[in-house]
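Heads up: the sequence lines are chains X and Y, in that order. Mapping the first sequence onto my numbering, position 155 (from 1) lands on 155, and the numbers just tick up by one. Mapping the second sequence onto my numbering, position 349 (from 1) lands on 349, and the numbers just tick up by one.
Quick caveat, the hints were computed from the structure, so don't treat them as lab data. Do not rely on the hints blindly, as some may be mistaken.
Just so you have them, the derived chain X footprint on chain Y, three or more residues with Cβ under 8 angstroms [unchecked claim]:
id	region
1	317-331
2	347-359
Cβ-Cβ distance ranges computed for the label pairs, FRET-style [stated by the list, open to error]:
id	chain 1	residue 1	chain 2	residue 2	range
3	Y	363	X	29	27 to 35 angstroms
4	Y	183	X	29	29 to 37 angstroms
5	Y	268	X	29	39 to 47 angstroms
Note that CB positions come from ideal geometry on N, CA and C, so glycine has one too.
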Amino acid sequence: MTHWQAFYVLGFGAATVSGALLLSISGCSLVDPQAGAPQAACGISSASSSAAGPAYYGPGSSHASAAPICAASTGSACDMCENAHCCASRSACYGDPVCACADLGLDECLDAAPSGADSASQVARCWSAFSAHGTIEQERVACERAWCKSECAVP
Amino acid sequence: MSVSRRSVTLFACLLTLGVLLGLFAPRPLRAAEEYNFAGSAQLDYHYVASGPRNQDVPGPSSTFQGFTMEAGLKVAVDISDHLSANVKACYGCHGFDIDMAYFDYRARDEFNLRVGRFSPSFGAFNLRHDPANHMLSDKPLPYDMGRMLRKGDWNNGVLPSPFPSSGVEIGGSHWAGTTLQFDYALYAVTGFKNYNDPHPTDLNFQETHLPYFVGSAVRPATGARLAFTARGSATVDATLGASGMLGSYDLKSELTYVIVGADFALRVQRTAFRFEYLLRRQQFDTQNPDIFKYAIAERGGDFFTKQGAFAEVEQPLSSLFDVTARVDGMLRRGNVSNLAIGSGADAATSLSPLAYRSYVIRETLGLECALERNFRLKGSAEFWQFSYPDSLGQKTALSMHVGAVGSF
Numbered sequence: 001m002t003h004w005q006a007f008y009v010l011g012f013g014a015a016t017v018s019g020a021l022l023l024s025i026s027g028c029s030l031v032d033p034q035a036g037a038p039q040a041a042c043g044i045s046s047a048s049s050s051a052a053g054p055a056y057y058g059p060g061s062s063h064a065s066a067a068p069i070c071a072a073s074t075g076s077a078c079d080m081c082e083n084a085h086c087c088a089s090r091s092a093c094y095g096d097p098v099c100a101c102a103d104l105g106l107d108e109c110l111d112a113a114p115s116g117a118d119s120a121s122q123v124a125r126c127w128s129a130f131s132a133h134g135t136i137e138q139e140r141v142a143c144e145r146a147w148c149k150s151e152c153a154v155p
Numbered sequence: 001m002s003v004s005r006r007s008v009t010l011f012a013c014l015l016t017l018g019v020l021l022g023l024f025a026p027r028p029l030r031a032a033e034e035y036n037f038a039g040s041a042q043l044d045y046h047y048v049a050s051g052p053r054n055q056d057v058p059g060p061s062s063t064f065q066g067f068t069m070e071a072g073l074k075v076a077v078d079i080s081d082h083l084s085a086n087v088k089a090c091y092g093c094h095g096f097d098i099d100m101a102y103f104d105y106r107a108r109d110e111f112n113l114r115v116g117r118f119s120p121s122f123g124a125f126n127l128r129h130d131p132a133n134h135m136l137s138d139k140p141l142p143y144d145m146g147r148m149l150r151k152g153d154w155n156n157g158v159l160p161s162p163f164p165s166s167g168v169e170i171g172g173s174h175w176a177g178t179t180l181q182f183d184y185a186l187y188a189v190t191g192f193k194n195y196n197d198p199h200p201t202d203l204n205f206q207e208t209h210l211p212y213f214v215g216s217a218v219r220p221a222t223g224a225r226l227a228f229t230a231r232g233s234a235t236v237d238a239t240l241g242a243s244g245m246l247g248s249y250d251l252k253s254e255l256t257y258v259i260v261g262a263d264f265a266l267r268v269q270r271t272a273f274r275f276e277y278l279l280r281r282q283q284f285d286t287q288n289p290d291i292f293k294y295a296i297a298e299r300g301g302d303f304f305t306k307q308g309a310f311a312e313v314e315q316p317l318s319s320l321f322d323v324t325a326r327v328d329g330m331l332r333r334g335n336v337s338n339l340a341i342g343s344g345a346d347a348a349t350s351l352s353p354l355a356y357r358s359y360v361i362r363e364t365l366g367l368e369c370a371l372e373r374n375f376r377l378k379g380s381a382e383f384w385q386f387s388y389p390d391s392l393g394q395k396t397a398l399s400m401h402v403g404a405v406g407s408f
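Just chain X, same shape as in the assembly (with noise of 0.2 angstroms):
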């Protein structure tokens, strides 16, 4: 082999192995992560929301509240009894973007929730949906189970 074949060859030999990777990885399941929807597809903003803390979503309040989740509250008994009892497992989760954002889910989920027969079983798989969301989410709901539940009608 001369000195400009060995030349070529490594050229070459560049090239394929350059393009067959680039081609691999492009569909290689090994290579190809998947995820799911986005979980915080709820309008909170990443320029609002540079620490953990109550600021991404408080009750009743706009996104990027920075009202105090578990202070007295005048609101709904459900919100009054986990202010009262969960308050811990409440402000996680408003400071949560995820959590805070599986809350919207869920008062938008309940809200649709019809009042016939059917209702029962649509409430149960919207706190089902929340928990899913993750141990944040299973902590409320595990609180507001022990402490509120029927003043927050968790199923």
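Given the coordinates of chain X, work out where chain Y should sit on it, guided by the hints.
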């Protein structure tokens, strides 16, 4: 005192005495030992024209602006025809560190045993990671160690260079005539880790250069590199290489990372062309779905990939000036963690601006002026394009580097 304890005490005393005698006993001169001191230092000034993220103080989503300093001092000792030692202390953004501290036992060209702390063989750029060995002020994005814009969003490059680790490497070179050269390396090293986060989602590079340096992983990270070099003539050569590394980075050694790379370099007289491609496949802990931006997919949802590549051309214009053009970028695919790496938090700390598929592309044009052989000025302009906007809605940015580097 029992007999056995007395025997132990006596043995300890004798051992101590032996060590002291060994230390102070006269030893023959070793005329064969040769010492070589080398060092380099680069001062760089980085200016970013615009962008709110670019003006932050150092932090998770920030960029280093202003002056940065990198320096290194290396001592190489040839102890015998087969044994040598290297120690390199370096100074950078994190303070002082030991980049190298290893022994090389070279039985022959085809077999070299390296033990100690070193950057294992991976890719071609790592060989010239010292700022005195590359023309531009900063490293290519796949090897970026924190100089890139929005570095916190990306957690640096694919494989930040250098990446010193403790371990052992076997390597060597074999020549086929005077035209072809074959290089290989196999290694087992401590590797990367993230022991601080209860649910790790990425490598924590801080833990590589902060105490404790040791890792508790029983199974070390392993890797290999193969390279072929062909010399067409005295002024033309080409190298083709492939590298791979596999390891785990969590305390339970359950989350793996795989890094593969391919590199190609061509030199024709004084013109150099280089291309490298890297891919990292990184598993993450999905036990707490709250910290992720997207719901966890049932299949293929426990990892992300980060790819990076660069191509660059270096062309001397005269004995004084060199020009370098580089295009580099990274592509990240997969679920996104809202947890700041290394924060130790168990809940989301911020909403990551990255999406399932995010990329960054950079074009760089640099000019280097050699005032003397070992003292050069560097200047470069970089145009950045991101797939996602910053808080001002900007997807592009312009930055400039001016620096000086000296070596001895």
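Right, here's what the structure says about each hint:
| no. | hint | result |
| --- | --- | --- |
| 1 | 317-331 | violated (count 0) |
| 2 | 347-359 | holds (count 8) |
| 3 | Y/363 x X/29: 27 to 35 angstroms | holds, 33 angstroms |
| 4 | Y/183 x X/29: 29 to 37 angstroms | holds, 33 angstroms |
| 5 | Y/268 x X/29: 39 to 47 angstroms | holds, 40 angstroms |
Of the numbered hints stated above, the single one contradicted by the structure is hint 1.
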